[in-house]
Amino acid sequence: MSKLALIIKREYLAKVRNKSFVIMTFLSPILMVGMIVLIAYLTKINDDDIKTIGVLNESPYFTNKFKSNGPISYLDFREVSLESAKDSIVNMGFYGLLYIPDASDMEEAASASYFYTQDAPGSSIIDVLETVFTKQLRLQRLQDLGVSVADFDRVDHNFDIKTATFAGQQNLKGLNEIKAFIGGAFGYLIMMFIIIYGGFVMRSVIEEKTSRIIEVIISSVKPFQLMLGKIIGTSLAGITQFAIWIFSATILLGVVIAVFDIDPSALNAGAENAPGFSGAAAYASTADSTMQLYANELFKIPWAMLIGFFMVYFVLGYFIYSSIYAAIGAAVDNETDTQQFIFPIILPLMLAIYVGFFSVFNNPHGPIAVGFSLFPLTSPIVMLMRLPGGIGEGGVPLWQVITSIGLLIGTFIGIVWLAAKIYRVGILMYGKKPTYKELFKWLRY
Amino acid sequence: MDNILVAREVSKQFGKHIALNKVSLEIPKNSIYGLLGPNGAGKTTLIRIINQITYPDQGSVFFDGKPLESKHVAMIGYLPEERGLYKSMKVGEQALYLAQLKGLSKTEAKARLKYWFDRLDIGDWWHKKVQELSKGMAQKIQFIVTVLHQPKLLIFDEPFSGFDPINANIIKDEILQLRENGTSIIFSTHRMESVEELCDYIALIHRSEKILDGKLTDIKQAYKNNIFKVGLGLKNVNGLLEDLHDNFQILHSEYIEDGQQLNFTVQLPNSDTGALLAKLSGKGNLNNFTETIPSTNDIFIQTIQNKNLYE
Numbered sequence: 001m002s003k004l005a006l007i008i009k010r011e012y013l014a015k016v017r018n019k020s021f022v023i024m025t026f027l028s029p030i031l032m033v034g035m036i037v038l039i040a041y042l043t044k045i046n047d048d049d050i051k052t053i054g055v056l057n058e059s060p061y062f063t064n065k066f067k068s069n070g071p072i073s074y075l076d077f078r079e080v081s082l083e084s085a086k087d088s089i090v091n092m093g094f095y096g097l098l099y100i101p102d103a104s105d106m107e108e109a110a111s112a113s114y115f116y117t118q119d120a121p122g123s124s125i126i127d128v129l130e131t132v133f134t135k136q137l138r139l140q141r142l143q144d145l146g147v148s149v150a151d152f153d154r155v156d157h158n159f160d161i162k163t164a165t166f167a168g169q170q171n172l173k174g175l176n177e178i179k180a181f182i183g184g185a186f187g188y189l190i191m192m193f194i195i196i197y198g199g200f201v202m203r204s205v206i207e208e209k210t211s212r213i214i215e216v217i218i219s220s221v222k223p224f225q226l227m228l229g230k231i232i233g234t235s236l237a238g239i240t241q242f243a244i245w246i247f248s249a250t251i252l253l254g255v256v257i258a259v260f261d262i263d264p265s266a267l268n269a270g271a272e273n274a275p276g277f278s279g280a281a282a283y284a285s286t287a288d289s290t291m292q293l294y295a296n297e298l299f300k301i302p303w304a305m306l307i308g309f310f311m312v313y314f315v316l317g318y319f320i321y322s323s324i325y326a327a328i329g330a331a332v333d334n335e336t337d338t339q340q341f342i343f344p345i346i347l348p349l350m351l352a353i354y355v356g357f358f359s360v361f362n363n364p365h366g367p368i369a370v371g372f373s374l375f376p377l378t379s380p381i382v383m384l385m386r387l388p389g390g391i392g393e394g395g396v397p398l399w400q401v402i403t404s405i406g407l408l409i410g411t412f413i414g415i416v417w418l419a420a421k422i423y424r425v426g427i428l429m430y431g432k433k434p435t436y437k438e439l440f441k442w443l444r445y
Numbered sequence: 001m002d003n004i005l006v007a008r009e010v011s012k013q014f015g016k017h018i019a020l021n022k023v024s025l026e027i028p029k030n031s032i033y034g035l036l037g038p039n040g041a042g043k044t045t046l047i048r049i050i051n052q053i054t055y056p057d058q059g060s061v062f063f064d065g066k067p068l069e070s071k072h073v074a075m076i077g078y079l080p081e082e083r084g085l086y087k088s089m090k091v092g093e094q095a096l097y098l099a100q101l102k103g104l105s106k107t108e109a110k111a112r113l114k115y116w117f118d119r120l121d122i123g124d125w126w127h128k129k130v131q132e133l134s135k136g137m138a139q140k141i142q143f144i145v146t147v148l149h150q151p152k153l154l155i156f157d158e159p160f161s162g163f164d165p166i167n168a169n170i171i172k173d174e175i176l177q178l179r180e181n182g183t184s185i186i187f188s189t190h191r192m193e194s195v196e197e198l199c200d201y202i203a204l205i206h207r208s209e210k211i212l213d214g215k216l217t218d219i220k221q222a223y224k225n226n227i228f229k230v231g232l233g234l235k236n237v238n239g240l241l242e243d244l245h246d247n248f249q250i251l252h253s254e255y256i257e258d259g260q261q262l263n264f265t266v267q268l269p270n271s272d273t274g275a276l277l278a279k280l281s282g283k284g285n286l287n288n289f290t291e292t293i294p295s296t297n298d299i300f301i302q303t304i305q306n307k308n309l310y311e
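For the record, the sequence lines run as chains A and B.
When we follow the working numbering, the leftmost residue of the first sequence carries the number 1, and every step to the right adds one.
When we follow the working numbering, the leftmost residue of the second sequence carries the number 1, and every step to the right adds one.
What you were told as hints is all true, and nothing was included just to trick you.
Here are the in silico distance ranges between beta carbons for each label pair: (1) R212/A / E93/B: 11 to 21 angstroms; (2) I23/A / K135/B: 23 to 33 angstroms; (3) Y436/A / E108/B: 43 to 53 angstroms; (4) A243/A / E93/B: 18 to 28 angstroms; (5) Q340/A / H17/B: 22 to 32 angstroms.
Chain A side only, calculated, beta carbon under 8 angstroms to chain B, not exhaustive: (6) K3; (7) I213; (8) V216; (9) I218.
Please keep in mind that the hints were generated in silico from the structure rather than gathered at the bench.
We put the CB at the ideal spot given by N, CA and C, even for glycine.
With the rest of the complex left out, here is chain A:
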């Protein structure tokens, strides 16, 4: 077995046999599902909490317009003063009091109304109240203009435009967001992997330094071989972890499909009738078949291509960052000294994620998205957010993909070379925390 293979094997086994790794692998999906369940549960509890609002309406308007609905229930007060109404609301522990004073017309009554609460009220509650006022005021104004309620009802409904590509594929609203979200999930995965496994590489280098085995090892192998073996071994452990997660997620997905009875073949059939899609058919379609359409679109995302590119960007991005992590580990004596060096690494990663979520979601092929998907320190994350739209027509232009990968490979070679130089000197330096200036000097040793 070659020396590199020996090192990879040792690093892999050292990682995989580690108790915390085993626990992480099996616990984090459970934690993840648990979190989602918990959030859903808490949201539900929150919604179940019904807020009671007293209504003291001294005007002839808005009568019975405040109807208890969802989280809000209204309680009408009659023939009491404002002060005693307030008192009883406080005494009964209700949420607030809506006071509509008497006035000569509706506009005046509305603008003189007040909503009293113990603390500043939540914006969703205010929204609900305002919606009622707005609707009534609009009705009133329309009536003043001579429009009947029946006429108004006929005019007042929302319109959803249907969209399709020139090729005739029906687009579903929000699909771009969903695609960007999937890309974002991949990008986020890469960022987390780099931070977690880069950290592992760094700690492993520090461990070799503090346990003083490093000089024994590099009297047998080249420092570069050791660094490379360490990075590869650690990443294989990470890939093992991902493989376990993907495998269990696939099984979970299978279970979900079986339980909710989604028929993948029906999904495919649904997409074919897009060009001749009639308005009537659209209205006839039930919520179920819309779900089917979305599911179908998700199935049509080029998963194989996406996963392929995920691997490419993942490997290159990870190698760039983890060799920097290895160099940092070599430069310091203990983990507490790493902070000043780690921050500049995390920065482009964070930037990539934020730029991705704010810019790529809205405009996947805009100048910012293109720029960041070419810049090598952010491209692994940002490009993956753009890729679910496909490559070529309607998606990412091919030249951008090629340029971005080319730049990434170039940077990869450059960074690994620099990191290896710092690593080679750093692993034999003990006792003091180096400055950036010293690191720069090491490059020339």
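Following the hints, complete the assembly by docking chain B onto the known chain A.
For chain B alone, coordinates are given in the frame of chain A:
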């Protein structure tokens, strides 16, 4: 070829600091070679160059007559001053890993490890984790790993630091045994007295330069000053000491046991002791007559002083 390792004018610089300045060495085969000098003199840098951990800026190194290259790492065993093991790895597994990195096959490494574990009586450590071992125990493992691949050249940097006296003796005996079997050995240390009795050759390194090297016995011969320590049980002789002072250069003298015993140190002009012995004959019972051989430490200090004198 008589030399296992030859260094020619090796220089190494780190930034502005000169770590080695044109150091040349010849390390004969089948011998123990002491690389001596204070901390920071450049010993470790030289050793790292021999191990190809760093590379010289100038000069060249030859291993067994051929320019040093990467395949030679398998023929060198190195016990660094800063040494350790992976703490959470099992002893046997770790020893196997390190042996394989030196180019041994797994089966070969296993067989040899078994031999050494039995020899040093640590066979039951195989499945222990290193963190369960004491420092001395870990040092034994490190020693085994260093010699396991039967290198032609062994390099020990401060080998006895961290060993208790018993284990240090065991290791010392093993090292002598290895020389018997034909291995060449380099000892590097700043504690010169610790290896004096073991070394056949020495080189003194001071401030990045080699200031002295050669066969230890030759060096000692060259540096001895014909100083003798004499002890004489007197037979009631008066005026002997005055007489001696008149004829010889007496460095120090004292009477003990109520004037019954005279101890003195004398420096003779040459190694001929006949005149002194003739003077002493019949004056009492000679119970001590030893030549003072300078220690390596003395030689080191004297060399530095001489050098500073010339500069």
